[in-house]
Amino acid sequence: MKKVYVNEDWCLACHLCEYYCAAANSGAGSMIKAFAGGKKPIPRIKVEEGSGINFAVQCRHCDEPACVKGCITGALSVKDGVISCDESRCVGCYTCVMSCPYGCIVISEDSSVIQKCDLCLKNNNGEPACVKGCPNGAIVLEER
Amino acid sequence: MAINYYQPLYEVMRDRDRCIKCRACERQCANEVHSYDEECDVMISDSRQCVDCQRCVSICPTNALKIANNPNTFRQNSNWSQQIMTEVYKQAETGGVLLSAMGNPKEYPVYWDKILLNASQVTNPPIDPLREPMETKVFLGKKPKNVKFNKDGTINTDLPPTLELSTPIMFSAMSYGSISKNAHESLARAATELGIYYNTGEGGLHKDFYKYGPNTIVQVASGRFGVFRDYLEAGAAVEIKMGQGAKPGIGGHLPGAKILEDISKTRMIPMGTDAISPAPHHDIYSIEDLRQLVFSLKEATCYKKPVIVKIAAVHNVAAIASGIARSGADIIAIDGYRGGTGAAPTRIRDNVGIPIELALASVDQRLRDEGIRNEVSIVVAGSVRSSADVVKAIALGADAVYIGTAALLALGCHLCRSCQTGRCNWGIATQRPDLVKRLNPDIGYKRLVNLIHAWDHEIKEMMGGMGINSVEALRGNRLMLRGVGLTEKELEVLGIQHAGQ
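Chain order of the listed sequences is A and B.
Here the first sequence is numbered in numbering that gives the first Met the number 0, starting from 0 and rising by one per residue.
Here the second sequence is numbered in numbering that gives the first Met the number 0, starting from 0 and rising by one per residue.
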């Protein structure tokens with residue numbers, strides 16, 4: 000299965016992936032609209048930086064996902080290798096947030112549910128927004 | 000300083016309705032133009048630091064940024080322009096020589112733009128390159144006067160070593176040091192994929208790039224940096240750099256701050272020391288001396304590699320080229336006054352040398368008049384900006400062209416002409432690791448390959464229009480050229496007729 004990978008050699012820590020991710024999943028249709036009026040939609044990808052090494056992290060779509068195992072309502076599920084969250088079933092217990100070894104599950108703006116990368120399958124971006132928006136080809140969607 | 004005698008050249012304009020304060024501009028600007036004030040939740044720009052490299056504009060996700068000329072003007076004066084006045088203020092402040100980078104930006108005539116190409120109509124058919132064969136392959140080096148054959152048809156002539164190019168374009172000399180390792184890797188990989196050559200410049204060859212040797216021209220310049228047996232053996236040809244179009248008559252100076260570990264190893268000089276290339280080669284004061292170096296290098300490479308001599312286009316270029324042809328060199332590279340550089344004194348860059356078009360025409364004519372044109376190939380450099388310039392250069396007599404600036408543009412350069420600061424936001428003319436990584440060679444080499452493929456297609460289209468199906472048949476074919484708006488003397492030097500004739 001194709002997954003999103005980051006090559007830290009080329010990650011510039013520009014943080015643009017975070018903004019492209021947040022905008023794509025905001026449903027606003029444009030970057031300007033997504034952030035209009037001081038709104039701060041939360042991205043599902045996060046750039047870790049420091050000591051000269053930078054890399055963006057988002058859901059690894061693990062083969063044996065601790066988040067899915069720990070989910071008390073069955074909101075998290077694996078389909079064709081992609082782990083996604085059914086927000087109508089999520090009760091915001093944050094068990095998955097604590098169990099994810101990569102820290103890739105984030106809490107929604109109103110703290111009611113969790114949010115995570117679903118490879119942009121649920122929005123109309125076509126391909127993962129972080130991959131498309133990376134200015135240096137550091138984030139790739141590929142089979143490994 | 001309490002008084003700002005001169006004002007910033009540019010004004011950073013931010014459309015606050017579009018800006019989402021993502022701070023990408025701040026993170027990507029090595030000149031520290033942009034900053035974010037958390038207290039006021041506002042992005043601030045310090046235009047004084049801006050060099051107009053367009054990096055922030057290019058990556059802004061909402062197109063909120065524009066860099067415009069600063070509308071502030073000194074009192075209009077056709078003689079004392081704002082730029083000249085600013086330069087006087089700068090020198091009064093620093094007491095130093097003004098430095099600039101990239102090619103001469105002044106409004107001298109561009110002869111490429113005053114030359115028009117021919118096309119076939121009625122009496123001879125044009126050729127469609129998509130349907131009929133079209134040859135852009137060229138060989139650089141000495142061409143034998145005649146060829147003898149054995150009885151079985153095989154050639155019985157010693158053919159001198161040549162360079163085979165799939166298209167008559169090469170990447171010109173840019174040293175590791177003046178440009179980054181990633182820029183070099185992009186050039187090397189592109190040259191290898193394209194079947195052309197890139198040039199190491201005078202900074203030696205990084206150990207990682209020996210594998211691209213068959214598509215590498217190794218340079219021997221006055222500083223002799225990184226020159227040793229393996230280096231000479233690695234390249235497909237050896238180039239002796241006598242001069243550079245951007246700064247004829249002077250040498251080079253790579254500041255010690257840029258001599259980091261890798262560069263120090265490649266250049267074979269201690270870390271942190273200034274790399275100074277003298278103005279002259281201290282062993283070359285005549286054509287006879289040059290001949291000695293040409294043959295030393297041929298001897299060192301077992302006469303298997305062509306030797307190129309690169310000179311800047313200066314006033315007496317035809318006679319100099321004639322001397323070089325007689326020195327035993329296989330290829331002469333001539334660099335015009337628009338040629339680029341990583342750093343040159345502004346006055347030299349803007350005022351020394353001559354246009355490459357005129358230099359090329361007079362060199363080609365002189366070598367033909369003396370019957371030695373076949374002894375050398377001519378490669379021209381110094382602002383070949385498009386495939387049309389390539390076609391015109393070939394019709395004026397060039398065998399191939401070197402492109403430097405156009406190649407850097409393909410890699411992202413926006414000609415802000417601030418290479419000498421070492422803070423290239425595009426990861427090209429810098430050695431700062433955080434900036435170097437901005438140029439991903441996987442992306443860079445593909446863009447170079449695209450550029451040359453595009454030019455190759457266009458060259459074929461233009462040749463086809465003229466009814467010519469090979470670069471060999473176009474070379475020196477000045478009947479295909481006509482001048483517009485040129486004087487009798489200019490037409491005479493170019494060896495072409497005026498449009499309408």
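Among the hints, a few may not be true.
Said to hold, decoys possible - Under the rule of at most 27 angstroms between Cα atoms (straight-line distance), these lysine-lysine pairs were calculated in the DSSO-like manner:
id, chain 1, residue 1, chain 2, residue 2
1, A, Lys121, A, Lys78
2, A, Lys131, B, Lys20
3, A, Lys32, B, Lys206
4, A, Lys45, A, Lys121
5, B, Lys142, A, Lys131
Quick caveat, the hints were computed from the structure, so don't treat them as lab data.
Comparing the hints with the structure gives:
1. A:Lys121 x A:Lys78: Cα-Cα ~13 angstroms, so holds.
2. A:Lys131 x B:Lys20: OK: Lys131 (chain A) and Lys20 (chain B) at ~20 angstroms, within 27 angstroms.
3. A:Lys32 x B:Lys206: violated (50 angstroms)
4. A:Lys45 x A:Lys121: holds (19 angstroms)
5. B:Lys142 x A:Lys131: violated (51 angstroms)
The structure fails to meet hints 3 and 5 from the earlier list, while all remaining hints are met.
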